[in-house]
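Model the placement of chain L on the given structure of chain H, informed by the hints.
Which chain is which? The protein sequence lines are H and L, in order. What the first sequence shows, in our numbering, is residues 1 to 261, in sequence order. What the second sequence shows, in our numbering, is residues 1 to 293, in sequence order.
Hints may be right or wrong, so weigh each one.
Unchecked claim - To be clear about the criterion: a stretch of chain H counts as covered by chain L if any three or more of its residues have a C-beta under 8 Å from a C-beta of chain L, and this derived list gives those stretches:
#1 60-74
#2 81-89
Said to hold, decoys possible - Residues of chain H clear of chain L, computed beta-carbon distances all greater than 12 Å:
#3 Q8
#4 D24
#5 P38
#6 R109
#7 A144
#8 G179
#9 H196
#10 G209
#11 T218
#12 I233
#13 G237
Simulated from the structure, these hints should not be mistaken for laboratory data. Nothing here was measured: the structure is a model prediction, and the numbers come from that model. Built from N, CA and C at the ideal position, the CB exists for glycine as well.
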Amino acid sequence: MTALVRLQGVTCAYDRTLVLVDADLDVGEGDFIGVVGPSGSGKTTMLRALLGAVRPQRGRVWRRPGLTVGYVPQIETVNWNFPVTVLETVLMARTAGRRLPWPSQAERREAGAVLARLGLAGLGQRHIRELSGGQQQRVFIARALLQEPQLLLLDEPTAGVDVRTRHEVLHLLADLNAGGLAILLTTHDLNGMAAHLPHVVCLNTEITGAGPPEVVLTPEILERTYGAPMDVIEHGGMRVVLDRPAAAGDNVVRLRQRGTA
Amino acid sequence: MQTLLEPFSFGFFRHGIIVATLAGALCGLVGVYVVLRGMSYIGHGLSHAIFGGAAASAVINVNFYLGAGLWGLASALLIGRVTRRRIIGSDAAIGVITTTSFALGLVLFGFFGVARKSVDAVLFGSILGVSVADVWIVAAVTTATAAVVFLRYRALLFVTFDPEVADVSGVDVARIDALLMLMLAVSILVTMKVIGVVLIAAMLVIPPVVARMLTSSFFRMLWLSVVIGALCGFVGMYLSYHLDVSSGATIVLVGGILFGTVFAATGPRGLRRAAGLEGHAGVAATGADHLAG
Chain H
1 MTALVRLQGV TCAYDRTLVL VDADLDVGEG DFIGVVGPSG SGKTTMLRAL LGAVRPQRGR
61 VWRRPGLTVG YVPQIETVNW NFPVTVLETV LMARTAGRRL PWPSQAERRE AGAVLARLGL
121 AGLGQRHIRE LSGGQQQRVF IARALLQEPQ LLLLDEPTAG VDVRTRHEVL HLLADLNAGG
181 LAILLTTHDL NGMAAHLPHV VCLNTEITGA GPPEVVLTPE ILERTYGAPM DVIEHGGMRV
241 VLDRPAAAGD NVVRLRQRGT A
Chain L
1 MQTLLEPFSF GFFRHGIIVA TLAGALCGLV GVYVVLRGMS YIGHGLSHAI FGGAAASAVI
61 NVNFYLGAGL WGLASALLIG RVTRRRIIGS DAAIGVITTT SFALGLVLFG FFGVARKSVD
121 AVLFGSILGV SVADVWIVAA VTTATAAVVF LRYRALLFVT FDPEVADVSG VDVARIDALL
181 MLMLAVSILV TMKVIGVVLI AAMLVIPPVV ARMLTSSFFR MLWLSVVIGA LCGFVGMYLS
241 YHLDVSSGAT IVLVGGILFG TVFAATGPRG LRRAAGLEGH AGVAATGADH LAG
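Just chain H, with the same shape it has in the complex:
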């Protein structure tokens, strides 16, 4: 496997608060990696380090020379009232180094091809808010793909979306990965997202585990990652993570018993 980007002992801090400590990670051609961890565990900082948007306090970020990285932000951070159409959004990928305001014929053709590939043909003139959740996510993936990246980074691509949209996004990403695109995403969703990926990295400021879901999604690693006991069961050949039921005498149990009495 040829590495596209590599973190070597990377430590990042904001205002002297360590948010990522001594992280080692290789992302190679064709990889499909999910980074999981609780809020504030350093997932977004790891993405930003891979993008080169944050300078590590210690360690080194190596990128293959000439590497193009596409980035899809959390769609929850998008200003949906901004006056911009689907085509205008996707064409933002062609900004650096361009002088003329309007897209060339070739740019229009390429944007149209990416939109068609992601099932958004004919929606170019729609305002971004006039789309379904899955379509909205695909617009931002289309923008990243128009940069013709070798690596696609996505920050919480399924945060705040319904089950159907989550399936759509997961299948789309699987198809893109099957076509040779390396993908790394962050997610909170252990069962709906991480358990379906070939490689999972557990993060809680430090990397607590890395490998296939069947190796990483264990009660021990999850407790180290989330700081709370969790159970893992097998269902249909897949790992399913469950919150451990509260112990007898726990307030939650008492509340439930009172409710059913």
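For chain L alone, coordinates are given in the frame of chain H:
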């Protein structure tokens, strides 16, 4: 008919209406970015800060554009410096520094016995203060700003919509932010004589908001805002002559009436679009910081 065309027979009116139309178009153009980035407050603050510079320039007999321009730049730098210390927020820093500068302008005008009418002209705009040189300066700034927007259209759009992704996509966000702040400061400076310090912020906001109520495309919003701004400038200046009131007030009033008309015509849909133009407090600080840096 003769009464309607009468003002155009006066040179001062012709200069005034050209400058007002260009000023409206310029404010409409820059205002789109100001409104979409939630920078309305910094536009309002900068115009007040520049008033102090205008007063100081008049007192020490320095060219208005040079004195007021340097003063405005110094105010923006100071806002950036105070904000960076993180003791007070950027909105408070803008409030303190720009109103202090504004108050200083009033004191200087009062202390050196500048006529009340001259102060009113700076505050609310006047057609009488417009010279041929002003026409050329406003025309040059409008052309230069339009050229910058043309050549940096894609970068300005990307940075305004999604600065984080623009940054990691190879766009120099800090440079674009600084460029926008410079365009804003210069626009305020050159349009101040016609629109006035107090009302200039309204002309940075009304045309883009009306345009936003009419379209959901950025490109259409941009040119519509320019046309609406120019229309407000032209009609407002014309009414100002016949009503014998300050030009800034009539220009802004025309904008207000246009807003009401479009609001009535587009109904809740237009209002919903405009409702999305709420400010993002952090952006004002970012702009000031970049100018300071």
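Here is what the structure says about each hint:
1. 60-74: Three-residue rule met by the region 60-74 of chain H, so holds; n is 3.
2. 81-89: This one holds; 7 residues, not fewer than the three required, reach chain L with a Cβ under 8 Å.
3. Q8: Holds, because the least Cβ-Cβ distance between H:Q8 and chain L comes to about 20 Å, which exceeds 12 Å.
4. D24: Correct as stated: the minimum Cβ-Cβ distance to chain L is 22 Å, above 12 Å.
5. P38: 22 Å, holds
6. R109: The assertion about H:R109 holds, with a minimum of 18 Å to chain L.
7. A144: Per Cβ check, H:A144 is inside 12 Å of chain L; nearest 8 Å; violated.
8. G179: Holds, because the least Cβ-Cβ distance between H:G179 and chain L comes to about 22 Å, which exceeds 12 Å.
9. H196: 26 Å, holds
10. G209: 28 Å, holds
11. T218: With a cut-off of 12 Å, H:T218 remains clear of chain L, as the shortest Cβ separation is near 34 Å.
12. I233: About 39 Å separates H:I233 from the closest Cβ of chain L, which puts it past 12 Å; holds.
13. G237: Given that every Cβ of chain L is farther than 12 Å from that of H:G237, nearest at about 37 Å, it holds.
Consistency with the previously given hints fails for number 7 only.
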